[in-house]
Amino acid sequence: RNTENDSVQVEKAEQSQQWFDKIQLRGYAQLRYNRLFETNPQLQCDQCDKSWGENGGFFFRRIRMIFYGDIHERVYFYIQPDFASGGGNFAQIRDAYFDLGLDADQEFRLRIGQSKVPFGFENLQSSQNRIPLDRNDGLNSAVANERDIGLMLYYAPKKIRERFRYLVSSGLKGSGDYGVLALGLYNGQTANQPEKNNSMHAVTRATYPFELPSGQIIEGSLQGYTGKFVIERSTLTDNDQREFREFRYGPSVIVYPQPFGLQAEFNWGRGPEFNPETMNVEDKPIRGGYVLGSYYIEHGKNTYIPFTRYHYYNGGKKHEFDATKHRVKELELGVEWQPHSNFELVAMYTISDRTFENSLNPQNRQKGNLLRLQAQINF
Amino acid sequence: RNTENDSVQVEKAEQSQQWFDKIQLRGYAQLRYNRLFETNPQLQCDQCDKSWGENGGFFFRRIRMIFYGDIHERVYFYIQPDFASGGGNFAQIRDAYFDLGLDADQEFRLRIGQSKVPFGFENLQSSQNRIPLDRNDGLNSAVANERDIGLMLYYAPKKIRERFRYLVSSGLKGSGDYGVLALGLYNGQTANQPEKNNSMHAVTRATYPFELPSGQIIEGSLQGYTGKFVIERSTLTDNDQREFREFRYGPSVIVYPQPFGLQAEFNWGRGPEFNPETMNVEDKPIRGGYVLGSYYIEHGKNTYIPFTRYHYYNGGKKHEFDATKHRVKELELGVEWQPHSNFELVAMYTISDRTFENSLNPQNRQKGNLLRLQAQINF
Amino acid sequence: RNTENDSVQVEKAEQSQQWFDKIQLRGYAQLRYNRLFETNPQLQCDQCDKSWGENGGFFFRRIRMIFYGDIHERVYFYIQPDFASGGGNFAQIRDAYFDLGLDADQEFRLRIGQSKVPFGFENLQSSQNRIPLDRNDGLNSAVANERDIGLMLYYAPKKIRERFRYLVSSGLKGSGDYGVLALGLYNGQTANQPEKNNSMHAVTRATYPFELPSGQIIEGSLQGYTGKFVIERSTLTDNDQREFREFRYGPSVIVYPQPFGLQAEFNWGRGPEFNPETMNVEDKPIRGGYVLGSYYIEHGKNTYIPFTRYHYYNGGKKHEFDATKHRVKELELGVEWQPHSNFELVAMYTISDRTFENSLNPQNRQKGNLLRLQAQINF
Numbered sequence: 020r021n022t023e024n025d026s027v028q029v030e031k032a033e034q035s036q037q038w039f040d041k042i043q044l045r046g047y048a049q050l051r052y053n054r055l056f057e058t059n060p061q062l063q064c065d066q067c068d069k070s071w072g073e074n075g076g077f078f079f080r081r082i083r084m085i086f087y088g089d090i091h092e093r094v095y096f097y098i099q100p101d102f103a104s105g106g107g108n109f110a111q112i113r114d115a116y117f118d119l120g121l122d123a124d125q126e127f128r129l130r131i132g133q134s135k136v137p138f139g140f141e142n143l144q145s146s147q148n149r150i151p152l153d154r155n156d157g158l159n160s161a162v163a164n165e166r167d168i169g170l171m172l173y174y175a176p177k178k179i180r181e182r183f184r185y186l187v188s189s190g191l192k193g194s195g196d197y198g199v200l201a202l203g204l205y206n207g208q209t210a211n212q213p214e215k216n217n218s219m220h221a222v223t224r225a226t227y228p229f230e231l232p233s234g235q236i237i238e239g240s241l242q243g244y245t246g247k248f249v250i251e252r253s254t255l256t257d258n259d260q261r262e263f264r265e266f267r268y269g270p271s272v273i274v275y276p277q278p279f280g281l282q283a284e285f286n287w288g289r290g291p292e293f294n295p296e297t298m299n300v301e302d303k304p305i306r307g308g309y310v311l312g313s314y315y316i317e318h319g320k321n322t323y324i325p326f327t328r329y330h331y332y333n334g335g336k337k338h339e340f341d342a343t344k345h346r347v348k349e350l351e352l353g354v355e356w357q358p359h360s361n362f363e364l365v366a367m368y369t370i371s372d373r374t375f376e377n378s379l380n381p382q383n384r385q386k387g388n389l390l391r392l393q394a395q396i397n398f
Numbered sequence: 020r021n022t023e024n025d026s027v028q029v030e031k032a033e034q035s036q037q038w039f040d041k042i043q044l045r046g047y048a049q050l051r052y053n054r055l056f057e058t059n060p061q062l063q064c065d066q067c068d069k070s071w072g073e074n075g076g077f078f079f080r081r082i083r084m085i086f087y088g089d090i091h092e093r094v095y096f097y098i099q100p101d102f103a104s105g106g107g108n109f110a111q112i113r114d115a116y117f118d119l120g121l122d123a124d125q126e127f128r129l130r131i132g133q134s135k136v137p138f139g140f141e142n143l144q145s146s147q148n149r150i151p152l153d154r155n156d157g158l159n160s161a162v163a164n165e166r167d168i169g170l171m172l173y174y175a176p177k178k179i180r181e182r183f184r185y186l187v188s189s190g191l192k193g194s195g196d197y198g199v200l201a202l203g204l205y206n207g208q209t210a211n212q213p214e215k216n217n218s219m220h221a222v223t224r225a226t227y228p229f230e231l232p233s234g235q236i237i238e239g240s241l242q243g244y245t246g247k248f249v250i251e252r253s254t255l256t257d258n259d260q261r262e263f264r265e266f267r268y269g270p271s272v273i274v275y276p277q278p279f280g281l282q283a284e285f286n287w288g289r290g291p292e293f294n295p296e297t298m299n300v301e302d303k304p305i306r307g308g309y310v311l312g313s314y315y316i317e318h319g320k321n322t323y324i325p326f327t328r329y330h331y332y333n334g335g336k337k338h339e340f341d342a343t344k345h346r347v348k349e350l351e352l353g354v355e356w357q358p359h360s361n362f363e364l365v366a367m368y369t370i371s372d373r374t375f376e377n378s379l380n381p382q383n384r385q386k387g388n389l390l391r392l393q394a395q396i397n398f
Numbered sequence: 020r021n022t023e024n025d026s027v028q029v030e031k032a033e034q035s036q037q038w039f040d041k042i043q044l045r046g047y048a049q050l051r052y053n054r055l056f057e058t059n060p061q062l063q064c065d066q067c068d069k070s071w072g073e074n075g076g077f078f079f080r081r082i083r084m085i086f087y088g089d090i091h092e093r094v095y096f097y098i099q100p101d102f103a104s105g106g107g108n109f110a111q112i113r114d115a116y117f118d119l120g121l122d123a124d125q126e127f128r129l130r131i132g133q134s135k136v137p138f139g140f141e142n143l144q145s146s147q148n149r150i151p152l153d154r155n156d157g158l159n160s161a162v163a164n165e166r167d168i169g170l171m172l173y174y175a176p177k178k179i180r181e182r183f184r185y186l187v188s189s190g191l192k193g194s195g196d197y198g199v200l201a202l203g204l205y206n207g208q209t210a211n212q213p214e215k216n217n218s219m220h221a222v223t224r225a226t227y228p229f230e231l232p233s234g235q236i237i238e239g240s241l242q243g244y245t246g247k248f249v250i251e252r253s254t255l256t257d258n259d260q261r262e263f264r265e266f267r268y269g270p271s272v273i274v275y276p277q278p279f280g281l282q283a284e285f286n287w288g289r290g291p292e293f294n295p296e297t298m299n300v301e302d303k304p305i306r307g308g309y310v311l312g313s314y315y316i317e318h319g320k321n322t323y324i325p326f327t328r329y330h331y332y333n334g335g336k337k338h339e340f341d342a343t344k345h346r347v348k349e350l351e352l353g354v355e356w357q358p359h360s361n362f363e364l365v366a367m368y369t370i371s372d373r374t375f376e377n378s379l380n381p382q383n384r385q386k387g388n389l390l391r392l393q394a395q396i397n398f
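Chains as they are written, first to last, in the numbering used here: chain A, 20 to 398; chain B, 20 to 398; chain C, 20 to 398.
Only chain A is shown next, with the shape it has when bound in the complex (with noise of 0.2 angstroms):
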């Protein structure tokens, strides 16, 4: 009898040296269409989804694929590629990031390579569980698609860390673990561009999410960074500035929806900003964020989360060509369906203000409304 139990614990251990043990697969998908109820055309919003208005259609906003996986009892790798990149569906890295652990409990852990900037909690958490189709402008416009590549060396307690892995496995729609606290040094041009400069960027972040004795989990956080970014503008000249110092800072307070959620966010700065009036690039200020209600239902098997977020943001995009003038306003009401784990419908009406403005287009405030439609995969 024992015999046969060790040949099968044997067997299993040998298994665990197998590559499909150490290394893992999973996915999602996320599926578009924003068409319906459409009032306005040339509304649009580049970084959000490039099929917003005229000659959008279906379209896939993302294919991710991620391999991840504990390699050694110190070292954890994640490479996410995603397929919908390129403007043509090519594979393009966003995730390449590997963590050394630098104690037992890997309470301090160093990671390298490219991974999402500790800036906002939205940034950070998972476009897989957030609720609302697209983030914020406020925070998002501080990196274009949440990355950069760099070291970045991040401390939580073991405890945290659990309550950290709790608030995504939950189905609570946390950030994933980025540390109590957060140190970072990276070139600061955002996700697969090449440095342009020869400074780094500098961000940190402390965050908390405490749990009441009712068992209610309310996080607060503050973030800030700094560095020099050179951006792309038109008729380049030798006067004209191509380099510019950035910063931004700005808090979080996430009350998790146990089942009401309400999740606010503000940063403020200075950075590049075209101006229509001078038709010149400037260095200006920036202001943003939003607010977030939601409600979680549970009927049977399917969840219920409908939800309203209002957004703002007065700046420049850096990212943009000639750091595009934004001036935005948005109102979203939406409900998230989730008949299991493996499928989400989402669909939301967008009430919109934007003015997107650069030397091509210096006079651009667009409104109108939409309704938008997401199906998500999760594999």
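Bear in mind the hints are in silico, worked out from the structure with no lab data behind them. Heads up, some of the hints might be wrong.
Intra- or inter-copy, both count: the list cannot distinguish identical chains.
[As the list claims (entries may be wrong)] With a straight-line cut-off of 20 angstroms between C-alpha atoms, the simulated SDA-like cross-links for lysine to any residue are: (1) Lys215 / Arg149; (2) Lys320 / Leu119; (3) Lys41 / Gly88; (4) Lys177 / His91.
Please read all numbers here as calculations on a predicted model, not as lab measurements.
Once you've looked at the hints, dock chains B and C against the given chain A.
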């Protein structure tokens, strides 16, 4: 005893939760060489194989990796990148679709994402299974890369779904299961292309694989689609038309190779075509099709399939520059050799007469013969 | 009892049919930083590492995923995309080859597809195993990215195939098994480039890893190739030559690090090279090579490998614009640290004198020193 059996079963049940049980991987690759016994290096076919003719050499026509699986009792996913794309062996999506079963037997399935447009048997049949090296111009010009993005509804009775599966697994080179009835809405600009207008394409197809008392299976189909397509063309003035209405329809007949196979398809329609006399792109009639004969010979572990195909096309190719005018007559004689299920070799002698004319090359008729070779690996 | 053993074995046998037993996955990634103690930001090497010098920063040199396996008793497949390609971390094929065993022991193997051209030990050795950060200019300029598409025939006796395997698995940083005799035909325009003429390249190589009675292994090789290469160049007039004949040949000697290692290679030949005096591309002689010394120190679980390399190149680089003229002298001193098999850190001080001149920059000699750092993850 029972305890141990249980423990084995428990272990097995646990394993069925593992990622590698839900997600599977397979693939195939095709390496070509087209320069033997070539009589005319100007004879080329861009849609078929970019290594035909002048300056061609060894060439990967396809390197496919297919990630797929039943991730839920009613959800199936299928993501197929090609690693021989983008002109430099980049990874680009071919399929990325998700089947949502609408009933317990999944007789009704809603397919969302990028997948094959159900128009034509040879278009739907995998290149892994097709005998001639390239699809016929007549029906393949309807949907370049065979795919588009949108929603497809498929219906097939359980019994016929099993028959469709058998037609592939048995080596009879079936098309796979695209329903006996199909109905779809899609962007219409073909795979991996952004939508370029505000209207959708619609497609429908009916097919049925009849099984005779002898066991011989014969499949008959009818299919059609319509929509508006936006072409790329030269000298764009305000008067130049870019959007053209197009439609096509036609029948398919397949006598499965048990051991003698016969396959014939044809389609008629209208669409844009370059006119070298007016140097303009005009709405023109389309017609084209083919007939293919094959014979299966089993010899020990080897399978040999001698085959011949004649195909013909009169029309424009909407996805080529200026909707290039095509006049194609081609006769192929070849043999496929399968020493085992992981390797196939095809040699095919091609006698061709191809006219392909646009504003860059308005006088271009090329005739010639060549031997074409392909090694295929299935993994 | 036996029943149960059988059931376990049956289960095991069934498992051996699973996709994850036939297909395996592994990979590695290299993150670089080259800006410490840099004395000349104009000192750069495009073929080595695009993040050298002015405006460089953190940089992924390689992100490799390798799908491979014995899919049949005589068929092996190997598909290796790199996810740090195309200028924006896109996925692009490095290897995509298939070995067909011609005899039961696979002493004779036909390799079809894109794979390494058997010219030079360091070229064949994986970057995962190489000690210096980049390959030497002298031999690596023969085949950019080391690979091409075509047919390779390899022969090695069973016993030597085992020795080649041991030289990698033991950590002695062998080249892998490219046969003791190799013969190949390939396009000649290097990896992922379309063929540009109507002639093939031919390569041959003989190598043998002698094992001394002491256990010390010494490998000696001779290799050569010839063909016609089409360069990219400026001011293309009807008189400008684009196709050039080229050939190279040379020896390699490797004393494996047991614990002291010595490695030397050299090659001579002719090929295209930009001449800054005539501002034309001309047929010129080529010579280049290197000598590398290393010493293996095991200390607890750690391995330390101090090393030094001097390398030298006089010739054009055919794959660069105008077949850029190169004059390279470089001395490197460094150490590789492996705390365990999943992580490696290399620090390398480089003393360099590089001339790289073409029509865009016909006067360009750069001297300088810098410290180069690399973190490598193996998964």
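Going through the hints against the structure:
no. : hint            : verdict
1   : Lys215 / Arg149 : neither (32 angstroms within a copy, 29 angstroms between copies)
2   : Lys320 / Leu119 : between (39 angstroms within a copy, 17 angstroms between copies)
3   : Lys41 / Gly88   : both (6 angstroms within a copy, 17 angstroms between copies)
4   : Lys177 / His91  : within (18 angstroms within a copy, 34 angstroms between copies)
In this structure, the one hint that does not hold is number 1.
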